[in-house]
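Undergrad: Hey, can you piece these two chains together into the complex? The hints should help.
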Amino acid sequence: QKEVEQDPGPLSVPEGAIVSLNCTYSNSAFQYFMWYRQYSRKGPELLMYTYSSGNKEDGRFTAQVDKSSKYISLFIRDSQPSDSATYLCAMSEGGGADGLTFGKGTHLIIQP
Amino acid sequence: DVKVTQSSRYLVKRTGEKVFLECVQDMDHENMFWYRQDPGLGLRLIYFSYDVKMKEKGDIPEGYSVSREKKERFSLILESASTNQTSMYLCASSPMTMYQETQYFGPGTRLLVL
Chain A
1 QKEVEQDPGP LSVPEGAIVS LNCTYSNSAF QYFMWYRQYS RKGPELLMYT YSSGNKEDGR
61 FTAQVDKSSK YISLFIRDSQ PSDSATYLCA MSEGGGADGL TFGKGTHLII QP
Chain B
1 DVKVTQSSRY LVKRTGEKVF LECVQDMDHE NMFWYRQDPG LGLRLIYFSY DVKMKEKGDI
61 PEGYSVSREK KERFSLILES ASTNQTSMYL CASSPMTMYQ ETQYFGPGTR LLVL
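Chain order of the listed sequences is A and B. The numbering of the first sequence is the working numbering, which starts it at 1 and goes up by one. The numbering of the second sequence is the working numbering, which starts it at 1 and goes up by one.
For the record, the hints were derived by calculation from the structure and aren't laboratory data. If you're wondering where the values come from, they're calculated on a predicted model, not measured in any experiment. We put the beta carbon where it would ideally sit given N, CA and C, even for glycine. Hints are supplied without guarantee of correctness; some may be wrong.
Stated by the list, open to error - Short, incomplete list of chain A residues facing chain B, as computed with Cβ under 7 Å: (1) 17; (2) 42; (3) 44; (4) 46; (5) 49; (6) 99.
What the hints assert, rightly or not - Covered stretches of chain B, going by a simulated chain A footprint (3 or more residues, C-beta under 8 Å): (7) 28-41; (8) 45-59.
Isolated chain B (complex conformation) (with noise of 0.2 Å):
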């Protein structure tokens, strides 16, 4: 089976902080990608990455930055928290094949800033 790990399940952290959100896939996944679901908003795509060192912005990237250096591992930077920016963020990988479109998720990371 897929297996995608987020580094924290739960986390509090200070309006303008620097915060690190990491994420795992185990299944050799050429494509990674960072959502962030709210409630009555759903899932939107923040940042996607094809490969190794790439990346690609998605609807709502502004206050985020990316990090690939490895190719499970996928990172997702908040230079400087805001309130704005609670919410779950989930990760999610997908092969490069015929079914890239089969994305798989991690069990994703509550982030409440204060």
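In isolation and in its complexed conformation, chain A is listed as follows (with noise of 0.2 Å):
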């Protein structure tokens, strides 16, 4: 089973605050995740990729694995209101060229 749950929102919180997005899934399997930031209207832009548990940080966004839980996260520092768009975990089993598979998107809102 390939499914990924990801609460959809909006979720809106003030200027400068720390924003957390998660997403769960079922397919032990899964070993590579994403994920990309679509604004209204645009394709989706990766913007943190991991492999297996742990984390990773780059700049103001922070991605956590806990394949443990079948659980993951990213975290934005400092939140600005140009980060509001809507946010997509993605992940893969990997070794092969098969498609992702997506949670339906958190619609984040960064209030000025």
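TA: What follows is the structure, given as structure tokens:
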């Protein structure tokens, strides 16, 4: 089964807050985990890419993967109005060129 | 930067028409993908290709076909468009390397079938 669960929101937070976005999944074979940001009427843009469990940091963004709990997170520090978008988690088993399995996305609103 | 372009941003077609959606990538990626995105359903994989003239069905291939005659170009074909194919169509590409799971998306084509 390839289900990925993600709260659709909207999630509204004040500027400067720390944002936590999450996904859960059921397929224990997933090894590659990604976060995409999608602005309205645009294509998804790759934000973070991680393999297996652990943390990865890139500027204000931190991705965490806990394979034992089948739970991944994206943290945004010092959130800005320009971070307002839909955030999609995506994952794959890897080892081939098959497509990703996406969550349905969380709509994030950063209030100035 | 990777660039994936799609032939149209917006398209209006009538039921029964044959529709071609074109996608071109300029990074010499081996893998290319077509998704559709619908409110409440998220992104769903239609077809993908890992080489010229190769194609694989995704999760929802019914009513669609694809063509990949050149490495940089991947076309999605709606043989006889229906109203339930009204959607946002997204093309993506990825390299055949250790980062092949990192897919890069085009801007999307919003298709309306009347």
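Undergrad: Indicate, hint by hint, whether the structure satisfies it.
TA: To see whether the hints hold, each was checked on the structure:
Look at residue 17 of chain A: its Cβ only gets to about 26 Å from chain B, farther than 7 Å, so that hint breaks. With a cut of 7 Å, the hint placing residue 42 of chain A at the interface with chain B holds, because the nearest CB-to-CB distance is about 6 Å. Because the beta carbon of residue 44 of chain A sits about 5 Å from the nearest beta carbon in chain B, less than 7 Å, this interface hint is met. Of the supplied interface hints, the one on residue 46 of chain A holds, with its beta-carbon coming within about 6 Å of a beta-carbon of chain B, less than 7 Å.
Look at residue 49 of chain A: its Cβ gets to within about 5 Å of chain B, closer than 7 Å, so that hint holds up. Of the supplied interface hints, the one on residue 99 of chain A holds, with its beta-carbon coming within about 4 Å of a beta-carbon of chain B, less than 7 Å. Look at the region 28-41 of chain B against chain A: 6 of its residues bring a Cβ nearer than 8 Å to a Cβ of that chain, three or more, so the hint holds. For the region 45-59 of chain B, the stated coverage by chain A is satisfied: 6 residues place a CB nearer than 8 Å to a CB of that chain, which reaches the threshold of 3.
Going down the numbered hints, you'll see the structure goes against just number 1.
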